[in-house]
Every structure is written in structure tokens, then in C-alpha cells.
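Going left to right, the sequence shown walks through residues 1 to 114 as my numbering numbers them.
Source of the hints: derived by calculation from the structure; they are not laboratory data. Among the clues, some could well be false.
As the list claims (entries may be wrong) - Computed spacing ranges between beta-carbons, pair by pair:
(1) C51 x D75: 15 to 21 Å
(2) G97 x K38: 36 to 42 Å
(3) I77 x A112: 39 to 45 Å
(4) T70 x R102: 29 to 35 Å
(5) K85 x F48: 41 to 47 Å
(6) V44 x R109: 17 to 23 Å
(7) I72 x V100: 37 to 43 Å
(8) G49 x F113: 19 to 25 Å
(9) F113 x G36: 21 to 27 Å
(10) N114 x R89: 34 to 40 Å
The beta carbon of each residue, even a glycine, is placed where N, CA and C say it ideally should be.
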Amino acid sequence: MGLGSMAANQGFGQTKGLTGGADKKIFSALKGAKLGKKVIAKEVLWFFGACLISSITGFLVFYLIGEFLTEIFVDFINQLGSLTKFYLRIFLFNLIGVYVARLIVWAVRTVAFN
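Work out the full structure: start from the sequences and follow the hints.
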């Protein structure tokens, strides 16, 4: 071990002593940031998945009401003024339903596993 490497090791020890564990704080903050990004990405995927599920179930409800409850279907369309508004209301109702179901599943998991 040469004189240069001893000086480097001493400098490293002094620097580590001066930082006082700040490196651990920084790395834990970065780990938290990664976790935050992961949570945001998961929520974005859930949103698009919920939109897909809501559009499919919305169309199914729209079709079933139009096919079997024709009078109610016509009344709704006359009240709202267009088919699009009627479908969008069904879609939004289903989207809220998907998120409520997700919230209930989260609550049950939290209570059951904690």
C-alpha cells in the first residue's frame, strides 16, 4: 500500500465522517422517489384500465337498455337531447363504480392483512 492510497483512504474516512450519514438520507429519498414514480405509474395504468372497463360495460348497459327497455331509453334520450350524452353519463357512472370497487378492495385488504 503506497503513500498515495493511504492518503486517499484517510481522506475518504474524513469525508465520510463529515457527511454524517447524509448519503444514506439521499439514497433513501431517491428510493422514496422511485416508489412515488411507481405509485404514479400504477395509478395511470389503473385509470386507463378503468376507462377501458367502463367503456365496455357502458356500451353493454347502453345496448341492454336500448334493447329491452326501449321506452325508458327513448325517454332518457329525449331528456338529455342526444345519444352521446346518455352514453357518457353511463360511462362516467361505470368509471365511478370501478373506482369505488377498487377502494372497497383496498379497504378489505388493509383490514385483513394489517
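How the hints compare with the structure:
no., hint, in the structure
1, C51 x D75: 15 to 21 Å, "violated (28 Å)"
2, G97 x K38: 36 to 42 Å, "violated (26 Å)"
3, I77 x A112: 39 to 45 Å, "holds (44 Å)"
4, T70 x R102: 29 to 35 Å, "holds (33 Å)"
5, K85 x F48: 41 to 47 Å, "violated (23 Å)"
6, V44 x R109: 17 to 23 Å, "holds (21 Å)"
7, I72 x V100: 37 to 43 Å, "violated (24 Å)"
8, G49 x F113: 19 to 25 Å, "holds (23 Å)"
9, F113 x G36: 21 to 27 Å, "holds (22 Å)"
10, N114 x R89: 34 to 40 Å, "holds (37 Å)"
Of the numbered hints listed earlier, those contradicted by the structure are 1, 2, 5, 7.
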